[in-house]
Amino acid sequence: MVETLDAAGRAALAAALPDWSMAAGRDAIERRFRFADFSAAWGFMARVALLAEQQEHHPEWSNVWNRVDILLTTHDAGGLSERDVRLARAIDGLLAGGRPPPLSPGRPR
11 MVETLDAAGR AALAAALPDW SMAAGRDAIE RRFRFADFSA AWGFMARVAL
61 LAEQQEHHPE WSNVWNRVDI LLTTHDAGGL SERDVRLARA IDGLLAGGRP
111 PPLSPGRPR
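Residue numbers (the working numbering): 11 to 119.
Among these hints, one or two may not hold up.
Label-pair distances were calculated between CB atoms; the ranges are [as the list claims (entries may be wrong)]: (1) R36 with M11: 15 to 21 Å; (2) F48 with A22: 20 to 26 Å; (3) H85 with A24: 22 to 28 Å; (4) A21 with G53: 30 to 36 Å; (5) Q64 with G89: 19 to 25 Å; (6) A56 with A21: 30 to 36 Å; (7) S31 with H85: 15 to 21 Å; (8) A26 with H68: 31 to 37 Å; (9) A50 with R20: 17 to 23 Å; (10) G89 with E63: 21 to 27 Å.
Read the hints as simulated data drawn from the structure, not as lab findings.
Since this is a predicted model, take the numbers as computed values, not measurements.
From the three backbone atoms N, C-alpha and C, an ideal C-beta is built for every residue, glycine too.
I would like the entire structure built from these sequences, with the hints used as guidance.
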């Protein structure tokens with residue numbers, strides 16, 4: 011079973027994921043992304059979907075024209091877990107133009 015983040019893990023979130031914030035009323039993190047147009051937003055969502063499938067962890071999200079809102083929480087754990095942090099880092103890696111961080115050791119890409 012996946013466990014929620016402990017106090018130290020939560021305390022490290024601001025430094026580890028500075029563009030993400032705690033979601034109001036939920037044990038989750040969220041981030042809003044804006045793109046030039048709908049096509050760019052949709053392309054980003056497609057790349058995030060591939061990452062999510064690789065990690066077997068799927069976001070709650072919405073898209074309106076050039077905006078994509080992503081919320082990450084681990085339903086199996088009942089709240090925020092390391093799985094959410096890992097996916098958020100991978101999503102941030104897409105925007106940084108580099109390769110996203112590797113998945114857990116031993117898992118194929």
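Consistency of the hints with the structure:
| no. | hint | verdict |
| --- | --- | --- |
| 1 | R36 with M11: 15 to 21 Å | 20 Å, holds |
| 2 | F48 with A22: 20 to 26 Å | 35 Å, violated |
| 3 | H85 with A24: 22 to 28 Å | 24 Å, holds |
| 4 | A21 with G53: 30 to 36 Å | 34 Å, holds |
| 5 | Q64 with G89: 19 to 25 Å | 23 Å, holds |
| 6 | A56 with A21: 30 to 36 Å | 34 Å, holds |
| 7 | S31 with H85: 15 to 21 Å | 20 Å, holds |
| 8 | A26 with H68: 31 to 37 Å | 21 Å, violated |
| 9 | A50 with R20: 17 to 23 Å | 32 Å, violated |
| 10 | G89 with E63: 21 to 27 Å | 22 Å, holds |
The structure fails hints 2, 8, 9 (numbered hints given earlier, in ascending order).
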